[in-house]
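Chains as they are written, first to last, in the numbering used here: chain A, 1 to 308; chain B, 1 to 426.
Everything labelled a hint here was simulated from the structure, so no lab data went into it.
Take the hints with a grain of salt, since some may be wrong.
[What the hints assert, rightly or not] Pairs of lysine to aspartate or glutamate residues, derived as EDC-like cross-links and limited to a Cα-Cα distance of at most 20 Å, are as follows: (1) B:Lys-316 with B:Glu-190; (2) B:Lys-6 with B:Asp-19; (3) A:Lys-123 with B:Glu-317; (4) B:Lys-316 with A:Asp-92; (5) A:Lys-6 with A:Glu-98; (6) A:Lys-30 with A:Asp-13; (7) B:Lys-98 with B:Glu-70; (8) B:Lys-205 with A:Glu-199; (9) A:Lys-46 with A:Glu-88; (10) A:Lys-249 with A:Asp-217; (11) B:Lys-205 with B:Glu-190; (12) B:Lys-6 with B:Asp-426; (13) B:Lys-205 with A:Glu-54; (14) A:Lys-6 with A:Asp-73; (15) B:Lys-316 with A:Glu-88; (16) B:Lys-409 with B:Asp-426; (17) B:Lys-205 with A:Glu-227; (18) B:Lys-98 with B:Asp-112.
[As the list claims (entries may be wrong)] If you anchor each label on the Cβ, the simulated ranges turn out as follows: (19) B:Asp-186 with A:Arg-58: 34 to 44 Å; (20) A:Met-229 with B:Arg-297: 43 to 53 Å; (21) B:Gly-272 with A:Ala-110: 13 to 23 Å; (22) B:Glu-190 with A:Ser-33: 33 to 43 Å; (23) B:Met-287 with A:Gly-202: 15 to 25 Å; (24) B:Arg-133 with A:Glu-2: 50 to 60 Å; (25) A:Glu-17 with B:Glu-317: 33 to 43 Å; (26) A:Ala-191 with B:Val-145: 46 to 56 Å; (27) B:Arg-133 with A:Gly-215: 16 to 26 Å; (28) A:Thr-200 with B:Gly-69: 34 to 44 Å; (29) B:Glu-18 with A:Thr-204: 24 to 34 Å; (30) A:Ala-110 with B:Ser-159: 20 to 30 Å.
Quick reminder that beta carbons are idealized off the backbone N, C-alpha and C, glycines included.
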Amino acid sequence: MEFRRKDLLGIADLEPEEIQVILDTAASFKEISTRPIKKVPTLRGKTVVTMFYEPSTRTRMSFEIAAKRLSADTLNLTVSASSAVKGETLADTAHNLEAMAPDVLIIRHAASGAPHYLAQRLKCGVINAGDGLHEHPTQALLDLLTVKEAKGTLSGLKVAIIGDIAHSRVARSDIHAFTKMGSQVTVAGPATMLPPYLETLGATVTTSLLEAVRGADVIMMLRLQLERMGQMFLSTLREYSQFFGLAPKHLQLAKDDVIIMHPGPLNRGVEISPEVADGPHSLILEQVTNGVAVRMAVLYFLIGGEKG
Amino acid sequence: MSLLIKGGLVVDPSRHLEDPLDLLVERGKIVALEPPGQIPDAGRRVISAPGLVVAPGLVDMHVHLREPGEEYKETICTGTRAAVKGGFTAVAAMPNTKPVNDTAAVTRLILDQAKTAGNARVYPVGAISVGSRGQALSEYGDLRVAGAVALSDDGRPVSNAMLMRRALEYARTFDLPVIAHCEDLDLSAEGAMHEGVVSLQLGLKGIPAAAEEVMVYRDLTLASLTGARLHIAHVSTGGSVAIIRLAKAMGLPVTAETAPHYFSLTEEAVLGYNTHAKVNPPLRTEMDVKAIKEGLRDGTLDAIACDHAPHSSLEKEVEFAAAAFGLIGLETSLGLTLKLVHTGELSLIQAIEALSTNPARILGVAGGTLAVGAPADITVINLNREWTVDVNTFASKSRNCPFDGWTLKGKAVMTIVGGRVVWEED
Ligand SMILES: [Zn+2]
Ligand SMILES: [Zn+2]
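Can you build the whole structure from these sequences, using the hints too?
This is how it looks when you write it as structure tokens:
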């Protein structure tokens, strides 16, 4: 099976076989990053445009490094909040972009569906680098790759995702991704942060961190956005970290070889204790490395043409 | 000039009439209804209607005509053109224009423009509060004298329960019904669609059914307290239907409407981030659709009103969260309602009652009847005519219709207002 699509908009649209082929290719691209000269000519002459309507240095840099290692030209459009305020619509932006004839556009936007909107209107490929509360597909792919490397398989694993599920596009993409690959996903958090109908996505839902981590192979902690307090989603950070923060004692409930992941950036001492974040079970830095590899694979499939 | 409509099936819910009759119109009024063949043709325009339904003119009690202030979306002229094309002889115009219709002056302007347009009758609805800001009562007495037929907070619901209480009392003083847009703005805040399975999948913030239902309950309680005539706009949830059914059983003077999209579409219409399916209240679930149909069938829901809400591509050709709420319905409302007749979910007389007799009665306006002496507002309907919805042929200025491309069975073939044929199919 090949991955033949114009765009990568979400994990929900993908077949397990498509996910598998991206992961296999990403694994082979990892080797490039270990070479003294970390560059191959695969995408020479191609133009990759990143357009981030929300600040995120790490995801943008990860895409940029991935594109450069494949020899593509990269262009970063910094979209100031002001140009959006001045009334330049996404449609205007799309037309301006079309004139620059990029091969692929990587977009992050606060509105769910914004990448879909552009994908329908642009001839070039569109990669969703995070849209609103909807999806963040390359994050889920790098999470899968990280788990696959650590466990040797993705099927039959118990994966716990803990925190603010309601506001997390990573959680949505991860639930789809792990479920499609045969893992069992349990999500946990305070009920204020568990949107109704989560079970329709195939996840088990609980309000107990302890229940979620019991017997887990993988524990994925989500970043708590601190402004949620003022929005009545929780009482205090102190209480949140007490009931939903991951501490060393919780690891005893999980499998012995449990791995700990986090999409970053971390709030140490809030959703995850420093001992766990920096401890032997943590694969948080490996996730960053794998981010470059899966993004290379995605770029390769969208604009790399025939396999060499 | 007199008009003789011959050979049709006269359906008049105001008198439980469903008989083949010939109908004679003179000087803008209905002057005779007789068994077929009894009224002579001589000197009259004869409209041959065998196989057609002759109904009292349809009345849509909830539309947004956008004039004054947003004429790029719709004008009173184009909106009423869409109305007569869809079979409506009268519409009630909601007050959320720019400026808001909170004064006699704006009410008179709307009536003047409607008269100039010469299409459907327009019944202005005044604002509950000044500027619809929810702080001070507007001049209900003046509004009534100028021609307003009801009061509403549509578009900007009244959050303050005390203001709503006073509004109901003050409206009772002038015998005006209050049309409530039931939405708790705290519960719906930032929501873009129904809170459910699809909002979860699409990552869109949800508007729970409870945002509507708590306000339906509040306003029913206040209606009971004040004795005012309360009408609930655009009921979208099964929970609201149940509460209204209970209130009616308790004898409250409450009425309610729903819109064709609430019995024709579910939340799934939003899939693909379709902004034409972004509407407030939002499209709900299959269960709600069933409950809405049942509410129409058992009379809990009195009226069908389409909440015609024109928007241009500026408001709709954008990312979903940024898109405006609302869809247009005047040209599809009858066809979608007749679908329920064809499936046997509503009888023909019930459908006409919900589209004509009941809204006229709730607003206290003429129409909704074919009784001798009534104004000759008449809609002639071909029940079996199949047609395809094509937004490019719409009389409305806007194109924000989620039913584009649908095949519907049944449409108005002639619309008569005050004895004047204002629209007929080629
Ligand atoms: Zn409304
Ligand atoms: Zn409305």
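Each hint tested on the structure:
Between the alpha carbons of B:Lys-316 and B:Glu-190 the distance comes to roughly 17 Å, so the proposed pair stays at or under 20 Å and holds. Simply put, B:Lys-6 and B:Asp-19 have alpha-carbon atoms about 12 Å apart, close enough for the 20 Å limit, and the pair holds. A threshold of 20 Å between alpha carbons decides the hint, and for A:Lys-123 with B:Glu-317 the separation of about 18 Å falls inside it, so the pair holds. Taken as a hint, the B:Lys-316 and A:Asp-92 pair is honoured in the structure, with Cα atoms around 14 Å apart against an allowance of 20 Å.
For the hint pairing A:Lys-6 with A:Glu-98, the CA-to-CA distance comes to about 15 Å; that is within 20 Å, so the pair holds. Under the criterion of a C-alpha separation no larger than 20 Å, the hint pairing A:Lys-30 with A:Asp-13 is inconsistent with the structure, at around 25 Å. In summary, the hint linking B:Lys-98 to B:Glu-70 is supported, as the alpha carbons are separated by about 7 Å, within the 20 Å threshold. Pair hint B:Lys-205 plus A:Glu-199 holds up; C-alpha atoms about 18 Å apart against a cutoff of 20 Å.
A threshold of 20 Å between alpha carbons decides the hint, and for A:Lys-46 with A:Glu-88 the separation of about 27 Å lies outside it, so the pair is violated. Our distance criterion of 20 Å between C-alpha atoms is met by A:Lys-249 and A:Asp-217, whose separation comes to about 16 Å. Taken as a hint, the B:Lys-205 and B:Glu-190 pair is honoured in the structure, with Cα atoms around 6 Å apart against an allowance of 20 Å. Between the alpha carbons of B:Lys-6 and B:Asp-426 the distance comes to roughly 19 Å, so the proposed pair stays at or under 20 Å and holds.
For a cut-off of 20 Å, the pair hint linking B:Lys-205 to A:Glu-54 stands: about 18 Å separates their Cα positions. For the hint pairing A:Lys-6 with A:Asp-73, the CA-to-CA distance comes to about 19 Å; that is within 20 Å, so the pair holds. Proposed proximity of B:Lys-316 and A:Glu-88 is supported: the alpha carbons are some 15 Å apart, at most 20 Å. Under the criterion of a C-alpha separation no larger than 20 Å, the hint pairing B:Lys-409 with B:Asp-426 is consistent with the structure, at around 18 Å.
Restraint check for B:Lys-205 and A:Glu-227: satisfied, since their Cα atoms lie roughly 17 Å apart, inside the 20 Å limit. At most 20 Å may separate the alpha-carbon atoms for a hinted pair to count; B:Lys-98 and B:Asp-112 meet this at roughly 17 Å. For B:Asp-186 and A:Arg-58, the hinted distance range of 34 to 44 Å is satisfied, since their beta carbons lie about 35 Å from each other. Checked against the given bound of 43 to 53 Å, the beta carbons of A:Met-229 and B:Arg-297, roughly 48 Å apart, stay inside it.
At roughly 19 Å, the beta-carbon separation of B:Gly-272 and A:Ala-110 lies within the given 13 to 23 Å, and the hint holds. The hinted window of 33 to 43 Å between B:Glu-190 and A:Ser-33 holds, with their beta carbons roughly 41 Å apart. A hinted range of 15 to 25 Å for the beta carbons of B:Met-287 and A:Gly-202 is consistent with their spacing of about 22 Å. Taking the beta carbon of each, B:Arg-133 and A:Glu-2 are about 59 Å apart, inside 50 to 60 Å as hinted.
For A:Glu-17 and B:Glu-317, the Cβ-Cβ distance of about 35 Å falls inside the hinted range of 33 to 43 Å, so the restraint holds. Range check, A:Ala-191 to B:Val-145: Cβ separation about 53 Å, and the 46 to 56 Å hint holds. Between B:Arg-133 and A:Gly-215 the C-beta distance comes to about 57 Å, which lies outside the given range of 16 to 26 Å. The given range of 34 to 44 Å is respected by A:Thr-200 and B:Gly-69, whose C-beta atoms sit roughly 42 Å from each other.
Range check, B:Glu-18 to A:Thr-204: about 56 Å between beta-carbon atoms, so the 24 to 34 Å window is missed. Between A:Ala-110 and B:Ser-159 the Cβ separation comes to about 27 Å, which falls inside the hinted range of 20 to 30 Å.
Hints 6, 9, 27, 29 from the list above are not met by this structure, while the remaining hints are.
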